[in-house]
Amino acid sequence: MDDDEAIARSLDGDLAAYEALVARYSALAHRTATMLGAGDEAEDVVQEAFVKAYRHLAKFRRDAPFRPWLLRIVANETHNLTRSRGRRSDLTLRLGATADPAAPDDPESAALSTDRRTRLLAAVRALPDRERQAVICRYFLQLSEAETAQVLDWPIGSVKSSTHRGLARLREEVGNELT
Amino acid sequence: MNSHDPHNDLEAELTALGDLIDVPAPPPADVAAAVRARLTALDSTDSTDSTDSTDSTDSTDSTDSTDSTDSTDSTDTDDNPAVSTATPARQHPEDPAGADAPLRGSSRAPGRRVDGRRPSVRRGRRKRWTIVAAVVAAVLAVMAATPQGREAVARILRFAGVELRISETPAPAVTATAPLPGERTVPPSELPRTFQVRTPAALGEPERVSEADGGRVVSMFWPDGIRLDQFEGGLDPIFFKKLTPLPAYTEVSGRTAWWIPGEHPLGYLTRADGTEIPLRQAAPTLIWQDGTLDYRLEGVRTMAEAVRIAESLR
Numbered sequence: 040m041d042d043d044e045a046i047a048r049s050l051d052g053d054l055a056a057y058e059a060l061v062a063r064y065s066a067l068a069h070r071t072a073t074m075l076g077a078g079d080e081a082e083d084v085v086q087e088a089f090v091k092a093y094r095h096l097a098k099f100r101r102d103a104p105f106r107p108w109l110l111r112i113v114a115n116e117t118h119n120l121t122r123s124r125g126r127r128s129d130l131t132l133r134l135g136a137t138a139d140p141a142a143p144d145d146p147e148s149a150a151l152s153t154d155r156r157t158r159l160l161a162a163v164r165a166l167p168d169r170e171r172q173a174v175i176c177r178y179f180l181q182l183s184e185a186e187t188a189q190v191l192d193w194p195i196g197s198v199k200s201s202t203h204r205g206l207a208r209l210r211e212e213v214g215n216e217l218t
Numbered sequence: 010m011n012s013h014d015p016h017n018d019l020e021a022e023l024t025a026l027g028d029l030i031d032v033p034a035p036p037p038a039d040v041a042a043a044v045r046a047r048l049t050a051l052d053s054t055d056s057t058d059s060t061d062s063t064d065s066t067d068s069t070d071s072t073d074s075t076d077s078t079d080s081t082d083s084t085d086t087d088d089n090p091a092v093s094t095a096t097p098a099r100q101h102p103e104d105p106a107g108a109d110a111p112l113r114g115s116s117r118a119p120g121r122r123v124d125g126r127r128p129s130v131r132r133g134r135r136k137r138w139t140i141v142a143a144v145v146a147a148v149l150a151v152m153a154a155t156p157q158g159r160e161a162v163a164r165i166l167r168f169a170g171v172e173l174r175i176s177e178t179p180a181p182a183v184t185a186t187a188p189l190p191g192e193r194t195v196p197p198s199e200l201p202r203t204f205q206v207r208t209p210a211a212l213g214e215p216e217r218v219s220e221a222d223g224g225r226v227v228s229m230f231w232p233d234g235i236r237l238d239q240f241e242g243g244l245d246p247i248f249f250k251k252l253t254p255l256p257a258y259t260e261v262s263g264r265t266a267w268w269i270p271g272e273h274p275l276g277y278l279t280r281a282d283g284t285e286i287p288l289r290q291a292a293p294t295l296i297w298q299d300g301t302l303d304y305r306l307e308g309v310r311t312m313a314e315a316v317r318i319a320e321s322l323r
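Note that the protein sequences, when read in sequence, are chains A and B. Take the first sequence: its position 159, counted from the start at 1, is 198 in the numbering used here, and no numbers get skipped. Take the second sequence: its position 33, counted from the start at 1, is 42 in the numbering used here, and no numbers get skipped.
Extracted from the complex, chain B is given alone in its bound form (with noise of 0.2 Å):
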């Protein structure tokens, strides 16, 4: 809301209006693979289709901003490439759901484009969202062809250097609870130098403050099972997760965070080697980055206190 006058009381009721407005969007996960399917389907379209190439050239509009100054008036040049980008995707044999098409498209004809643009939507896109599950699942199997049991998970995810795996059906849960690897409590005079470590301002000081693996992790814990992990991020991940209900979106800070609502096992993947460390069934975790440092809240009962807590960092 800072970006708003804040004398204005109409302008923050309306921020924490639109705030609690529910706005109901698929898991982003899926509409991730939806979208990565359909992008492969065009990839191997395009190199049998001569007339989609030609597209590309001449669908720059909606995304020069220079073009035009009206938006009433000024997209009728994007009907075309909108047009081309579903073309193929409808020739694909991924979509039987397109053999009832035609009937739905002609009866919605005036509502659609001219030549009944994604083609499937209603009816189909179910079964569509279904088949292209499918095709993900496979095209991971392959490309995550590592040991352990990853046949089972449908989908991976990684973000501020939590790896989440999803899969159709929940994982048996942790029943042990193991400690980071080196884990050790320390004094705050003693903390790793290697990262700035900040505490939620929120919660007040920790209890006990503990690093991991070398220094590579930064645990706070307070009472009533609260705990945050920091850690400087790279491309690996540094934990996994292993859940069934796809994350919820969120911000911190006007940063993406997600939000993971139920119990989950948890694991840690070293340094090292990126060998797998079951940990504990963890509780419900916010996950969220700043900059190249990667954030962790377990423990917190709801997202929007999760969040709070973690906008708090000092």
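Extracted from the complex, chain A is given alone in its bound form (with noise of 0.2 Å):
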């Protein structure tokens, strides 16, 4: 069953159709409410948003992809919380135990010193606001520029820039070269 398919028998109220949309989504869903800062309230952000995109259904357009769509109402309501709340989480982001011994052969994670990693880590974290939230969707969550304009709704200029200007500020802390 494919998303359309999924969205199709959702809109004629077959929930268990809109459960696999659901749970084919869930952790793509946390990842981004997590590191757009809904912190330790993730959860129950992502559970509102599936509340939501559900009722909101039938406005989406079919010809559209859903990943975007949805991301937006996850983004939105992290956003809801964190200023609701007045701040947002500290990313308490933490690289997975997979990293190190399970991959040794993988190239990828290898080339990246674990001191190197934390200290990248700890410069995204430290980003200006907007910096940060263009830098997470474009390469942690890795979304294209037209799905990160969605999803935060911005213009994708402002895209652009805040991540050009994200890039640069991490060149400067981190440096350009893998050690």
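Keep in mind that the hints were calculated from the coordinates and are not lab data. Here a beta-carbon is modelled for each residue, glycine too, at the ideal position from N, C-alpha and C. You may find that some hints are simply not true.
Chain A is faced by these chain B residues, among others (derived, beta-carbon under 7 Å) [claimed, not checked]:
hint, residue
1, Thr24
2, Leu26
3, Val32
4, Ala38
5, Val40
6, Ala41
7, Ala180
8, Ala182
9, Val183
10, Leu255
11, Arg264
12, Thr265
13, Trp268
Here are the in silico distance ranges between beta carbons for each label pair [as the list claims (entries may be wrong)]:
hint, chain 1, residue 1, chain 2, residue 2, range
14, A, His203, B, Arg264, 55 to 61 Å
15, A, Asp168, B, Glu272, 42 to 48 Å
16, A, Arg210, B, Pro188, 55 to 61 Å
Assembly of the complex is requested from the two constituent chains, each provided in isolation within its own frame, with the hints serving as guidance.
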């Protein structure tokens, strides 16, 4: 069952189909909420977002991809939460335990020394708000510029410029070379 | 990573770093069940709560991409619909933990919605989830009123032609090993032409290729118990697996995939009438789909390696 079919069936009131859709995007939604600052309330944000998405499903344009549409709701819920409590959670991101011993032959992770990873993550955390959000969406969540614009509800030019500024700042902080 | 400038090391490094970041999340099936239970609660409340129905008409802001461009100021109007979605749930008797919500709600008031939206978060959440699971189990017991011991199954998920039957307690291990119905070794030239059969470049040529159930499933075998099953998906699942741990979400070339980490009973549902045929105790398995084709890769030790192999399909 692909997204479109699941959505069609959900619109017909098939909750099992919507459940499949939720399960499919659950991890990504949690990742998005957590990374955008929901902290330990990510679970609530995500549930709320999925409930909202269901209620708005009829307004979803079926020829558009579901993922950024959903993530925009997640980002919005996260934003509402962080604004209502007057701060965002510290990014409690941690590097996965699977990173080191399990994948010694993974050149991508081997190329990043633990120390450099830690410094880079700290530098991302310390970025100004908008730059951090852009960098997180573009690289940690691997969204395209267009998707990022949709999810954050920014003009695409803002995505480009914030990403650019963020990268420049990170480059200053940690240098550009792999160590 | 292919969507980024390949020449930019920092961008590649950030992407790799993102892949290494561990974000704790509850099992997808639990989230799905919780959302479903809330929607069920909303539905049943909608019919009696006249104020709620008005919200659905004025709460479009969060999904209308044209209404604003500055996210820092654009979301005021979202507060009300968000409140409305939570209100019926709070009224619903599924949430006995709501009794202690006012205390917590008031102490948290500056940090929460005005009316204490999501009343039982925190302490109440665990309890709520337990109850939600019970509700869902009851619903499934009614829906899945088919024979053969499904009563022990707490949840059924279907993905990539595989039906995952998730229960609280482990299903008895399958001790025998059965082939797929009509399974026979075929030379590559005689592979069924009903769908495009692909081979993972990362594993090289298989030792053996078989087809089963009249060309419905093609299986390839490599040393060390690695096998890839591929089949054309429809709405009906072809395999079933009995699990206690929930599958882990991952992606194969950007598409959803699920990793089932432990050994688990595997069975087959025949094309003719869905008869269940126990097959064997399966090794860790990655399942994913690409368009209408479904794949299950069994016997690879780690999820990362399984994903790497899956992404090498040619």
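**Message:** For a quick check of understanding: which of the numbered hints are violated here, in increasing order?
**Reply:** 7, 8, 9, 10, 11, 13, 14
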